[in-house]
Amino acid sequence: MIALISVVILLPFVAAFAGMLLGPRLSETLRARPPRDKAAPHAEAQAEAPAEGRRARWQAAATAERSPLRNGPALIACLPVAVAAVLSAVAAFAVWRTPGTRTGTLTLVETGTVPIEIGLRLDGLPAVVGLMVCLVALAVQVYSVAYMAEDPRYSSYAAFISLFTSAMLLVVYAGDLLLLYVGWEVMGVCSYFLIGHHWEDRANSRAAVKAFLVTRLGDVGFLFGVFVLGVGARSFDIGEIWARAGTLPHATVTAAALLLLAGVAGKSAQFPLHTWLPDAMAGPTPISALIHAATMVAAGVYVVARVYGVFLAAPAALALLGLVAVVSMLGSALAALAQDDIKRVLAYSTISQLAVMAAGLAVGAWNGAIFHLLAHGAFKALLFLAAGCVIVTAGSTMLRHYGGLRTGMPITFWSMTIGLAALVGVPPVSGWFSKDSVIEAAQHAAAHGGDIAAGGVHIPAGVAWTVYAGLLLTAAVTAAYAMRLWLMTFFGEPRGRYEVREAPKLMSWTVAALAVPSAVVGFFGLGAAELRPHLGSAVVALLCAAVGAGAAFSIWNRDPAADPARALGPAREVFARAFYVDELYAAAVVRPVQAVARQVVAVDRRGIDTAVVGAARGARRLAEPLRRPQNGNPQTYLTGLIAGIVLIAAGAVIFL
Amino acid sequence: MTGQEIVFTLLGVVAVGSAVLVVTTRQLVHAALWLVVSLGALAGGYLVLTAEFVAWVQVLIYVGAVVVLLLFGIMLTRAPIGRAADLDSGNRWAALAVALATAGVLVSVVVIGFRDASMPLRAGGGSADALGAAVFRTWVLPFEVLSVLLLAALVGAIVLSRSDVGGPKEKEPTKKRGER
Amino acid sequence: MHVAYPAVVAALLFSVGVYGVLARRNAILVLMSVELMLNAVNLNLVAFDVWWRDRLHGGQVLTLFTIVIAAAEVGLGLAIVLLVYRNRRMIDVDRLRTLSEDAAPAPEVGDGDAGGVRAAAAVRAGGKGAAT
Numbered sequence: 001m002i003a004l005i006s007v008v009i010l011l012p013f014v015a016a017f018a019g020m021l022l023g024p025r026l027s028e029t030l031r032a033r034p035p036r037d038k039a040a041p042h043a044e045a046q047a048e049a050p051a052e053g054r055r056a057r058w059q060a061a062a063t064a065e066r067s068p069l070r071n072g073p074a075l076i077a078c079l080p081v082a083v084a085a086v087l088s089a090v091a092a093f094a095v096w097r098t099p100g101t102r103t104g105t106l107t108l109v110e111t112g113t114v115p116i117e118i119g120l121r122l123d124g125l126p127a128v129v130g131l132m133v134c135l136v137a138l139a140v141q142v143y144s145v146a147y148m149a150e151d152p153r154y155s156s157y158a159a160f161i162s163l164f165t166s167a168m169l170l171v172v173y174a175g176d177l178l179l180l181y182v183g184w185e186v187m188g189v190c191s192y193f194l195i196g197h198h199w200e201d202r203a204n205s206r207a208a209v210k211a212f213l214v215t216r217l218g219d220v221g222f223l224f225g226v227f228v229l230g231v232g233a234r235s236f237d238i239g240e241i242w243a244r245a246g247t248l249p250h251a252t253v254t255a256a257a258l259l260l261l262a263g264v265a266g267k268s269a270q271f272p273l274h275t276w277l278p279d280a281m282a283g284p285t286p287i288s289a290l291i292h293a294a295t296m297v298a299a300g301v302y303v304v305a306r307v308y309g310v311f312l313a314a315p316a317a318l319a320l321l322g323l324v325a326v327v328s329m330l331g332s333a334l335a336a337l338a339q340d341d342i343k344r345v346l347a348y349s350t351i352s353q354l355a356v357m358a359a360g361l362a363v364g365a366w367n368g369a370i371f372h373l374l375a376h377g378a379f380k381a382l383l384f385l386a387a388g389c390v391i392v393t394a395g396s397t398m399l400r401h402y403g404g405l406r407t408g409m410p411i412t413f414w415s416m417t418i419g420l421a422a423l424v425g426v427p428p429v430s431g432w433f434s435k436d437s438v439i440e441a442a443q444h445a446a447a448h449g450g451d452i453a454a455g456g457v458h459i460p461a462g463v464a465w466t467v468y469a470g471l472l473l474t475a476a477v478t479a480a481y482a483m484r485l486w487l488m489t490f491f492g493e494p495r496g497r498y499e500v501r502e503a504p505k506l507m508s509w510t511v512a513a514l515a516v517p518s519a520v521v522g523f524f525g526l527g528a529a530e531l532r533p534h535l536g537s538a539v540v541a542l543l544c545a546a547v548g549a550g551a552a553f554s555i556w557n558r559d560p561a562a563d564p565a566r567a568l569g570p571a572r573e574v575f576a577r578a579f580y581v582d583e584l585y586a587a588a589v590v591r592p593v594q595a596v597a598r599q600v601v602a603v604d605r606r607g608i609d610t611a612v613v614g615a616a617r618g619a620r621r622l623a624e625p626l627r628r629p630q631n632g633n634p635q636t637y638l639t640g641l642i643a644g645i646v647l648i649a650a651g652a653v654i655f656l
Numbered sequence: 001m002t003g004q005e006i007v008f009t010l011l012g013v014v015a016v017g018s019a020v021l022v023v024t025t026r027q028l029v030h031a032a033l034w035l036v037v038s039l040g041a042l043a044g045g046y047l048v049l050t051a052e053f054v055a056w057v058q059v060l061i062y063v064g065a066v067v068v069l070l071l072f073g074i075m076l077t078r079a080p081i082g083r084a085a086d087l088d089s090g091n092r093w094a095a096l097a098v099a100l101a102t103a104g105v106l107v108s109v110v111v112i113g114f115r116d117a118s119m120p121l122r123a124g125g126g127s128a129d130a131l132g133a134a135v136f137r138t139w140v141l142p143f144e145v146l147s148v149l150l151l152a153a154l155v156g157a158i159v160l161s162r163s164d165v166g167g168p169k170e171k172e173p174t175k176k177r178g179e180r
Numbered sequence: 001m002h003v004a005y006p007a008v009v010a011a012l013l014f015s016v017g018v019y020g021v022l023a024r025r026n027a028i029l030v031l032m033s034v035e036l037m038l039n040a041v042n043l044n045l046v047a048f049d050v051w052w053r054d055r056l057h058g059g060q061v062l063t064l065f066t067i068v069i070a071a072a073e074v075g076l077g078l079a080i081v082l083l084v085y086r087n088r089r090m091i092d093v094d095r096l097r098t099l100s101e102d103a104a105p106a107p108e109v110g111d112g113d114a115g116g117v118r119a120a121a122a123v124r125a126g127g128k129g130a131a132t
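Chains as they are written, first to last, in the working numbering: chain A, 1 to 656; chain B, 1 to 180; chain C, 1 to 132.
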């Protein structure tokens with residue numbers, strides 16, 4: 001079994017390098033076929049193409065779709081991920097049939113103090129999350145074949161996605177915190193490269209650097225948290241740490257949990273390190289779907305779930321996690337309400353939903369949080385990919401340019417409707433089940449004065465109430481912004497100059513395929529008691545959502561051509577700027593750092609450089625007299641040489 | 001002091017004296033001619049040392065060939081015939097000091113080192129017979145290598161002195177002084 | 001015969017040659033002085049060969065070789081001197097100063113052109129020296 005999941009991890013890893021090195025060559029090889037082969041699909045495509053008005057991008061995507069089997073990088077990217085998905089499904093099935101933990105140590109690094117076990121660990125949580133990662137990665141890879149068809153750097157793009165997939169699987173299956181950290185950092189660097197994929201635009205590379213630096217800030221805390229845990233528990237093994245978390249000194253556990261929380265906040269884009277995620281939307285849309293919605297950002301929540309024992313032993317960290325989650329979920333939901341860019345709406349929605357998972361963990365709903373992670377992975381990937389279809393068709397990312405897309409692109413419309421329903425939590429799609437289990441746990445914790453569901457741990461009652469209230473409010477706001485997005489995109493009159501037609505089949509079918517798990521994954525929760533919907537909490541949450549959605553609809557209904565966000569009045573600007581957190585950081589951190597940097601440059605130039613240059617000039621001036629004999633006359637040189645030889649010889653004769 | 005020593009000393013005085021004239025004379029052609037005298041005296045010295053074959057080679061090659069070559073060089077560079085004031089550079093006094101120091105060190109070392117060494121002179125030690133045998137038996141490989149070296153020097157000299165083979169192009173002289 | 005006689009003569013000849021090489025300005029005279037130094041070495045070689053009664057006659061054979069090499073050297077040397085004469089119209093060794101740096105402090109970055117300028121300056125200096 002361990003060998004199987006090793007293969008699952010290694011397949012995309014190999015694919016990354018193979019795609020980078022061999023991809024273009026493979027396309028050359030595949031293209032060198034007799035032209036008779038090619039003629040048939042070409043004529044067919046020409047026949048179905050409309051006579052006029054085809055946008056170039058659409059055309060390129062359709063061309064790529066026509067020959068996906070001729071595209072070397074695409075083949076190298078998609079096939080290994082598909083195989084990995086099958087293998088991870090086999091692993092998940094095996095775990096489902098015979099539950100239990102399977103561990104395997106690949107190698108043991110003796111460090112002198114705490115040994116590092118490089119090993120994998122498979123139980124229920126990694127099995128389902130790994131399967132989810134593989135499926136989403138496969139969907140994104142297939143989708144990208146058409147979406148990135150005209151991109152000149154497609155092969156490196158696909159290779160980085162493969163590398164990312166491998167790293168994410170390493171995080172998921174790692175049995176050791178340090179191995180997990182390796183995957184964690186590789187994911188971060190892949191995210192950096194992919195956000196900056198279109199680096200020709202300065203803003204994109206700035207966004208990439210911002211994402212990299214902000215997540216790195218959290219990762220420092222994470223790394224030290226790993227060290228504290230490892231040294232405290234005398235092992236980096238996740239199972240060992242979980243087992244010994246209760247016996248460690250309270251201060252150690254709390255410190256470790258708080259440090260880990262910093263990394264989690266950075267990776268999962270929670271307040272106050274959330275500012276990178278909306279900017280990360282500068283990357284291609286499939287990247288946003290895979291990395292910045294479905295998988296990588298969920299890794300933070302996943303890690304909390306993975307070492308949950310540590311957090312259970314440190315209620316203070318749990319309480320802090322809850323508060324951070326409430327701030328993140330409510331703030332970013334409000335920010336999403338006023339965004340103009342469809343991808344930024346989804347980005348803030350991602351922050352908000354990740355905060356829901358974090359809140360679930362804070363109130364002890366471990367299963368509920370993981371359930372929401374899986375459901376969110378499915379429906380958020382769906383939403384982003386559908387948004388990509390919309391962007392390709394409409395040629396813009398701005399909501400105010402859309403409208404009336406419902407008729408022309410039915411597959412995208414229905415898929416996105418399912419995704420948004422899941423986001424809002426409309427029964428019976430997946431989001432309703434998962435969100436409800438989280439809300440139910442929060443309600444339980446609030447009602448019982450802070451005693452959370454998992455094993456007699458207590459968090460302050462005020463925190464529990466705050467989390468509960470925050471979840472309900474967020475449900476309302478989420479419904480409002482989802483409604484706004486849905487209405488502005490698909491209903492009303494077209495507001496841009498474009499021809500409404502379905503995206504290329506490779507893209508729309510992928511979206512449709514993702515709609516299936518988004519819709520039905522919730523029913524799997526019926527198998528576990530704590531995941532079943534509860535009437536009380538469900539009704540309250542549904543009421544909140546209905547209020548939000550109804551408000552959005554009524555405002556829109558008055559004037560379908562205008563943006564419903566206008567009703568926010570003066571608060572709209574505040575929400576659109578996400579409460580000026582970026583400006584605050586710019587004033588508090590960026591500008592002082594830049595000022596200090598300028599001072600350092602000045603000191604360097606005036607102090608250090610002057611000293612160096614002065615030393616050089618001084619040496620030159622001192623050497624001036626010594627240059628005199630170097631007048632180019634060989635006789636002088638020879639005179640000196642022979643005089644020296646005679647002196648040495650005389651010295652040798654006299655003294656030896 | 002034996003007769004051989006007297007003869008050798010006389011020849012040595014001639015050789016060194018004419019050598020001094022070579023390096024001090026004001027006339028280029030005279031320098032070449034004094035070089036003939038010096039080298040000839042040395043050939044005599046070789047004879048006294050029983051190295052008769054070397055002596056004849058010295059006369060043939062040095063006096064016969066090398067000096068003629070040098071005279072050609074003097075002629076081709078249009079050196080002034082007659083007294084010339086600027087044959088010595090400004091380095092003369094330093095050169096004199098260095099040369100005297102060299103002479104002092106060398107002569108004192110040699111005199112101290114070979115104070116009581118003497119060599120028996122026996123006729124036939126340097127005959128053409130003996131030397132020919134040595135060259136073509138023991139030293140035949142260096143001899144052949146040397147012939148290659150001579151060939152290379154020949155080719156090199158031709159390449160260097162012909163203006164139409166490779167070489168830098170003849171420049172406009174910055175200042176003519178050949179007519180003096 | 002006393003070994004010191006040929007040794008002393010050789011030492012003196014060598015010193016005279018050193019003086020000539022260092023003090024003479026005409027390149028052909030320098031070549032002659034080099035010949036003197038070579039002959040001093042030859043004399044030593046012959047003398048020690050006779051002294052040691054070498055059965056292989058290494059010293060005398062080496063003398064022959066040296067004479068041959070000296071002949072080659074003079075030939076090549078004269079060719080070089082002729083080339084210099086053809087380019088510069090003079091063969092004064094103390095005026096062939098292209099090796100030297102410029103008198104002014106060298107610029108921070110030397111490019112290819114600076115070398116040519118420097119060479120021209122040296123030629124000009126040589127011309128000026130000849131005029132005095």
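Just so you know, not all the hints are guaranteed correct.
Claimed, not checked - A few chain A residues that face chain B, going by a derived Cβ cut-off under 7 angstroms, partial list only:
1. G632
2. Q635
3. T639
4. G644
5. I648
6. G651
By construction, these hints were calculated from the structure, which means they are not laboratory data.
C-beta: ideal position from N, C-alpha, C; glycine also.
Interface hint outcome for T639/A [beta carbon to chain B under 7 angstroms]: Holds: closest Cβ of chain B sits about 5 angstroms from T639/A, inside 7 angstroms.
G632/A as an interface hint toward chain B, with CB separation required under 7 angstroms: This hint is violated: G632/A lies away from chain B, its Cβ roughly 13 angstroms from the closest one there, beyond 7 angstroms.
Status of the hint placing Q635/A at chain B (closest C-beta pair under 7 angstroms): Holds: closest Cβ of chain B sits about 5 angstroms from Q635/A, inside 7 angstroms.
Interface hint compliance - G644/A to chain B, C-beta minimum distance less than 7 angstroms: Constraint on G644/A not satisfied, violated at 10 angstroms.
Restraint satisfaction for G651/A [CB to CB of chain B, less than 7 angstroms]: Hint violated; G651/A Cβ to chain B Cβ min 10 angstroms, cut 7 angstroms.
Restraint check, 7 angstroms cut-off on beta carbons, for I648/A near chain B: 10 angstroms, violated
The structure does not agree with the numbered hints 1, 4, 5 and 6 stated previously, though it agrees with the rest.
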